[in-house]
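S.K.: Next come the chains, spelled out residue by residue.
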Amino acid sequence: MLSVFILMFLLALYFFQGLVTDLLSPFMRFFSEVGTAASVALSTEQDLFLQTQVQALAINAVEFDRLKTENETLREELGFLERTGFSAIGASILSKSLSQTVARFVLDVGEHQGVQVGDPVVAQNGLFVGKIFTVERNTSTAVALTDPTHTTAVSLINDRRTIGVAYCTVGGLLEIRFIPTDETIKINDLVVTSGLEETVPSCLLIGQVKGVEIDQNTLFQKSMLEPLQDIRHLAHVLVLIDESL
Amino acid sequence: MIRPFLGIFFFLLLASMEVGFVYALPFPIDRTPLVLVVSVFIFQSMDIRPSVWWVAVHGLVIDLLHISFVSFEFISYTIASVALILCSRHLFSNRSFWGILGTFTISLLTLTLAEIFFAIVGILEKSYALSLHDLLLVRAWSWALGSIVLLFLFPLHEFFVRMKIKLFAS
Numbered sequence: 001m002l003s004v005f006i007l008m009f010l011l012a013l014y015f016f017q018g019l020v021t022d023l024l025s026p027f028m029r030f031f032s033e034v035g036t037a038a039s040v041a042l043s044t045e046q047d048l049f050l051q052t053q054v055q056a057l058a059i060n061a062v063e064f065d066r067l068k069t070e071n072e073t074l075r076e077e078l079g080f081l082e083r084t085g086f087s088a089i090g091a092s093i094l095s096k097s098l099s100q101t102v103a104r105f106v107l108d109v110g111e112h113q114g115v116q117v118g119d120p121v122v123a124q125n126g127l128f129v130g131k132i133f134t135v136e137r138n139t140s141t142a143v144a145l146t147d148p149t150h151t152t153a154v155s156l157i158n159d160r161r162t163i164g165v166a167y168c169t170v171g172g173l174l175e176i177r178f179i180p181t182d183e184t185i186k187i188n189d190l191v192v193t194s195g196l197e198e199t200v201p202s203c204l205l206i207g208q209v210k211g212v213e214i215d216q217n218t219l220f221q222k223s224m225l226e227p228l229q230d231i232r233h234l235a236h237v238l239v240l241i242d243e244s245l
Numbered sequence: 246m247i248r249p250f251l252g253i254f255f256f257l258l259l260a261s262m263e264v265g266f267v268y269a270l271p272f273p274i275d276r277t278p279l280v281l282v283v284s285v286f287i288f289q290s291m292d293i294r295p296s297v298w299w300v301a302v303h304g305l306v307i308d309l310l311h312i313s314f315v316s317f318e319f320i321s322y323t324i325a326s327v328a329l330i331l332c333s334r335h336l337f338s339n340r341s342f343w344g345i346l347g348t349f350t351i352s353l354l355t356l357t358l359a360e361i362f363f364a365i366v367g368i369l370e371k372s373y374a375l376s377l378h379d380l381l382l383v384r385a386w387s388w389a390l391g392s393i394v395l396l397f398l399f400p401l402h403e404f405f406v407r408m409k410i411k412l413f414a415s
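Respectively, the protein sequence lines represent chains A and B.
Residues 1 to 245 in our numbering are what the first sequence spells out, letter by letter.
Residues 246 to 415 in our numbering are what the second sequence spells out, letter by letter.
Next comes chain A alone, as it looks inside the complex (with noise of 0.2 angstroms):
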């Protein structure tokens, strides 16, 4: 009997998959905000810190980058959201699973807020951590930018703005393939999204290129680069809309 009573149970949790979610949600809310703060109280004030100054001077740098291309460029053109047709919607992270095997986080924000799969998630400072990867109706799922199953499409901010596809690897650092050799690519260059991927538009920055390396057997060189925004110390972050769809 009780055991009809749950295969009934769950088959209802099947179908009605958005009722686990809203039943879940006030819950894993709270937890999810008293886990980010344990996580930013466990790191070192100084670690804080100087991710703090490593991120405000990056984005200074890509901001200045943009701005200058858009001065020469596309003068007439208007701010970030506005050129794109993009605007954002802003979003509670209920939950994280972010390992070697995984990096997924889930939002409060779904169908119902006009949250599509492929909608770019960047943090409140404009950092891009992750993609929409499943949505529903009030609740959708992200990948992160380190999780091994998703490759993100990337620019690196120097002289030729060389191209590429970012993999994950070890020790949450991505890796870019396949880069021709006369491309020059310095340390601490700084790496946006190219805008090659359809709903996510250019310039977000990602991180910054911590190693070069040169394979001499082919035409090609790699390099490792960190992403500036760890997603353990969000609570909130913005998912950018594509209103013109």
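No false leads were mixed into what you were given.
Quick look at which bits of chain A chain B covers, simulated, 3 or more residues with Cβ under 8 angstroms:
| id | stretch |
| --- | --- |
| 1 | 19 to 25 |
| 2 | 28 to 38 |
| 3 | 97 to 105 |
Sample of chain A residues lacking proximity to chain B, with all beta carbon distances greater than 12 angstroms (derived):
| id | residue |
| --- | --- |
| 4 | 116 |
| 5 | 124 |
| 6 | 208 |
Hints are computed from structural coordinates only; laboratory data are not their basis.
Quick reminder that beta carbons are idealized off the backbone N, C-alpha and C, glycines included.
Got chain A sorted already, so can you dock chain B onto it with the hints?
M.R.: Quick look at chain B alone, frame taken from chain A:
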């Protein structure tokens, strides 16, 4: 009548604590399998049978939230819950810490094997790279942290049982 609702409430609380709070903590603490370890403890030590369903339903919750690296976590967790029942009924004692640790270890091992199977299926289908070393490292941490949780749960339960006996004796 109130017991099933209490069970559902306790499960919701426990699952939210794992996917909300524990997952937000720094690695490796975030890999603590709270629902699995508490379910094993409650099922084996306190003989509360419905707790075995929490394991399967937790797999379903993970599937619905899409926060796992493999699909069909519901099936993996259901297989783990079957291993849990078999171990606690036929293999290990429900009186000793080592018995409960044994059940937890085999349940987690079964879960990992099922996940590896589904990961291989996923890799064949979507062709992405997944390191077996990383997966085993994550599960090794899960085992270690789950054992630490058991180290706290077991004496705590023993203490309350003794207190209850003392109260009734006096």
